[in-house]
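Protein sequences appear in the order of chains A and B.
All residue numbers for the first sequence refer to our numbering, where the first residue is 1 and numbers rise by one.
All residue numbers for the second sequence refer to our numbering, where the first residue is 1001 and numbers rise by one.
Dumping the calculated SDA-like pairs for lysine to any residue here, alpha-carbon to alpha-carbon at most 25 Å:
id : chain 1 : residue 1 : chain 2 : residue 2
1  : A       : 18        : B       : 1112
2  : B       : 1292      : A       : 199
3  : B       : 1292      : A       : 126
4  : B       : 1292      : A       : 113
5  : B       : 1292      : A       : 115
6  : A       : 18        : B       : 1183
7  : B       : 1074      : B       : 1282
8  : B       : 1292      : A       : 121
9  : A       : 248       : B       : 1124
10 : B       : 1114      : A       : 34
11 : A       : 18        : B       : 1169
12 : A       : 168       : A       : 253
13 : A       : 118       : B       : 1034
Derived, one-sided and incomplete: chain B residues facing chain A with beta-carbon distance under 10 Å:
id : residue
14 : 1034
15 : 1041
16 : 1053
17 : 1104
18 : 1152
19 : 1153
20 : 1186
21 : 1187
22 : 1286
For the record, the hints were derived by calculation from the structure and aren't laboratory data.
As the structure is a computational prediction, the values presented were derived from the model and not from experiment.
Heads up, the beta-carbon is just placed ideally off N, CA and C, and yes, glycines get one too.
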Amino acid sequence: MDIRTAVPNRHRRSLWHKIILNWQLYLFLLPAFAYVVLFQIAPLYGLQIAFRDYRIAFGISGSKWVGLKHFNNFFNSFYFTRLFVNTFALNFLGLFFYSIVPVLLAITLNSIINERAKRIIQTIIYIPHFISSVVLAGVIYIFFSPENGIVNKFIVLFGGKSIHFMLKAECFRPLYIGSTLWQNAGWDSILYIAALTSIDVSLYEAATIDGATRLQKVRYIELPAVVPIFTMMLILSCGRLLGSDTEKILLLQTAGNSEVSDVFGTYIYKFGIEKSQFSYTTAIGLVLNSISFVMILIVNSITKRMNGTQLF
Amino acid sequence: MENHKSKKLELLLRSDRIYHGCVVALWVVILFLIIYPLYLVLIASVSDPDAVYKGEIMFLPKNISWMGYEAVFKFGEMWNSYLNSIFYTVLGTMLSIAVTMMAAYAISRKFPGKWFFNFIFVLVMFFSGGLIPTFLILRDLGLYNTRAVMIINGCLSVWNLMIARTYIQNTMPEEIFEAAQIDGASHVMYFICILLPTCTTIIAVLAVYYGVGKWNDYFTGLVYLRDRKLLPLQTLLREILATLQVSNNDFAMIMDDYANQANAIRTAQVAKYCIIVVSTGPAVLLYVLMQKYFVKGVMIGSIKG
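Next comes chain B alone, as it looks inside the complex (with noise of 0.2 Å):
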């Protein structure tokens, strides 16, 4: 309030006005280059075909049709990726945080042998094999072409760790360590009844960074996966994508159940926006519904480490 009074007391000054003019007109202009694509998309998934060909759709939605949705409805593939996208993301973020937080507990405390696995962690940062030996690896140890290698790889991010540690460090005091050992709790009942319920807010930021790097991350898919009912959403939305770059037909040609081409390369011109509104919207919805909780989480975490 203080603050907000005082801001007002500015406005006094006329060169503050030319300047607080300039900002806001710069974040007009901001918010609009950030919001019109995505408005356009949406405006376009539910406009006519032939409005959208010509490209007619600038501000608001014609002739609103929803035969775009539909189709998409219809295509099988989409939906069976979608799940496993869902699947992947889930399991995957639920490993990435239990085998974060149980590493970053225990390198928070002092017992033999901490520098060894600091040393690995440090190094394995700075320096990794790269993509054909991983690959390469991976492949011998029976992962190529398997759900689990979506789900383990890059189940662990050093950079999390870090971060995750500094964390418990800086806001777990020692002495709730000692009470808890003199009440005869081991490390295991420790973790899960006192440092798991008031570390909420890094596990909520870990699940953002993990979960969300997961759900968009379409060249696992593309490098490990041959078999296409494995696909997570992201890799066949490249490859449909992909198509989109040659010609609208062959778009058509990849919906199934569509007998009619003639039309459905009509439907196609909208399809593509239905698409990416159904893979990206309720990914956007979940963190406008949830961004309270982790925006803060996210300032904290990212400052301290």
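For reference, chain A alone in the conformation it holds in the complex (with noise of 0.2 Å):
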């Protein structure tokens, strides 16, 4: 055979080749790919009983188109600026407080000087994390219990009402972020602490022969440090403004403080799961990921513009 026409032959059979070498690479990533097909990839087919009016006779892809009309229910209800004021307002104070919090503690705990306190303090401040938001919501019911709660009774001690915090609206939101600061601060903070543990000794030598004080090094060794992390970690957050924690939320939510803590997830929770409106409630679904969609988009071209790093 001529050897010009051999070449484009061998070149067409060593992609056949190449995927015949690697058998192995997509048997590794059956399992990973049937999973997301399956779990992840098939929920967005199912996404269209947002326009249908789902039966389960029917299925979902059997049952009436309808349109908008349950986009059009949904943003004609009272609940719509309940929803997404409530669920925005929780999300942004706990961003900016979620974001602040590990990164002071990291900050301090570098200055601890004695070595044994700072792997000790280490250890202590991670175990909220292992705590399951189930007992955390316990423990809050039960301390902050009107008639013999811990909280109450030093609040009575020094004078002061006993308070119904579970049932004050207004409590809800200072109670959510707090106890969701006390499960995680810590774990938050490692990220922090390892930077702050990598950075060179010498900088602080040097520092040091310069007569700087304590808070001058921080300010100007730890705090360069901490800050690339920082913008990538609020990066990430910021696309999930809208993506609150359902979960604890539906914990602490009680029929006294709803109007604060109703925010989307749980709202589909109870209209979807518990009521089987199923159809109503993916058309929420599917605004409220449309609107994080958009959010993360434009978060990564604002970050890519502004330093040139981007998420994808």
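Relying on the hints, combine the two individually framed chains into one complex.
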């Protein structure tokens, strides 16, 4: 055979050759791929029931088309504003505290001189991360109980009046954000602690010789070391501004505080799973997902223009 | 050591002494806020129910009694769900690690069609069907009210997959793979004999992430399980604690094998603390014992991811 025709032939064969050579890699990917297709891609196909009147008897693709009926119902119900405001407020406030507090913890922890104390503290501040939301909510109910909760005992002790925290709407946000901080701030500081421990000791020594105070070292050595991670974490959480922690909010929700604790996720759970209004809640989920997706794209393009880093 | 010395030197400055004083004071407050609630639950669980009811327990246990724990140990349904949780967590975590590591290894290599898999994984990371469509699909697949859903659901987190992939890319030199290939090792052999034994750090990190997530998850059980015998501990706890909000009487009703109602109501005062200790204690203890093995790993994994 002429060599000129043989070369492209071998080229064509080499793709198949590569695939056959790597067949085990496809095998490795199979479980993950199957999971993603069944548990995450297939639900995307199920999103169409947002435009249908879902009936179990007809299934996902057999139910009647109703166009934008469910979307109109939702946009016209008074819940739309409430859910939007609550979800956004809770996440925006949360974003502020959840991103600042871990940095403060890491920097102050790094200033502690006794190495042994530092290690013990590090062990302790990670513990709350291993306590489940259910238990945490239970402890909150017990501690903030109006009759014999420890918090109200202290308030009464100092001459105040017992407060029914869980039924007061204005107490919900502080309780939710405070307890989430208690649970996660220590764990979230791991990243920053790692960044701070990897700072070269000679930087500190040079600063000491130049007569820098400890606060100046924080300002000029430690802050620059954590800022890149801080920015990245902030970007990542911006995309989640509407995807709040439904599971925990559901636990802390009571009849008294539902006007501020109703968020998209809890509403979808209540009307979808408990009351079986599948199409209506799917429509709400679709609105929520679309907004979040657009927000991620915006954040991504802004950061790309700012400093060249991007998520994808 | 050097670091230590240079830090000692700092204390010569007066402003630094003030700063360090503030830091120490701040940490005393923070540690109190973290430890005190845990401590209070612990001492309340071994105290006299009447003292707990009156809210007299603040810093020390009173009239130590074990009746709360005795009641909890007779609480059959809880132990059943405890076993369920262990089963779901162990099996689920093992499955998750296997699926994640295999996929992470595959996408750390070059092969035709890689972009397609990458694209799919990133897509589902940022756009999901949401709770209801997922629920309907899983129900159509016949997973509603089965043990399988508790183990399989959430068995792959794309975020963890990316961390594992980056870790493999950064720590496994290409030369090792080439050497193994020359010695005739296939991808499977290389993965089992070389990659897994050298990547124990990231496996430990994945085990912690997936394991804690599984053990603490009540929502999957709430949505997908109807049969009470299948409930994991956290979902059952939610029910118990939900009745707590109403009154202690309902709680006493839940505790089976308990004939004397008046006594049961009294016991319920401490039993709720005991349940919290029994359900949380093992996880926290395991963490404290294991922490030196994985905290470093979490740092490495998260920095590179």
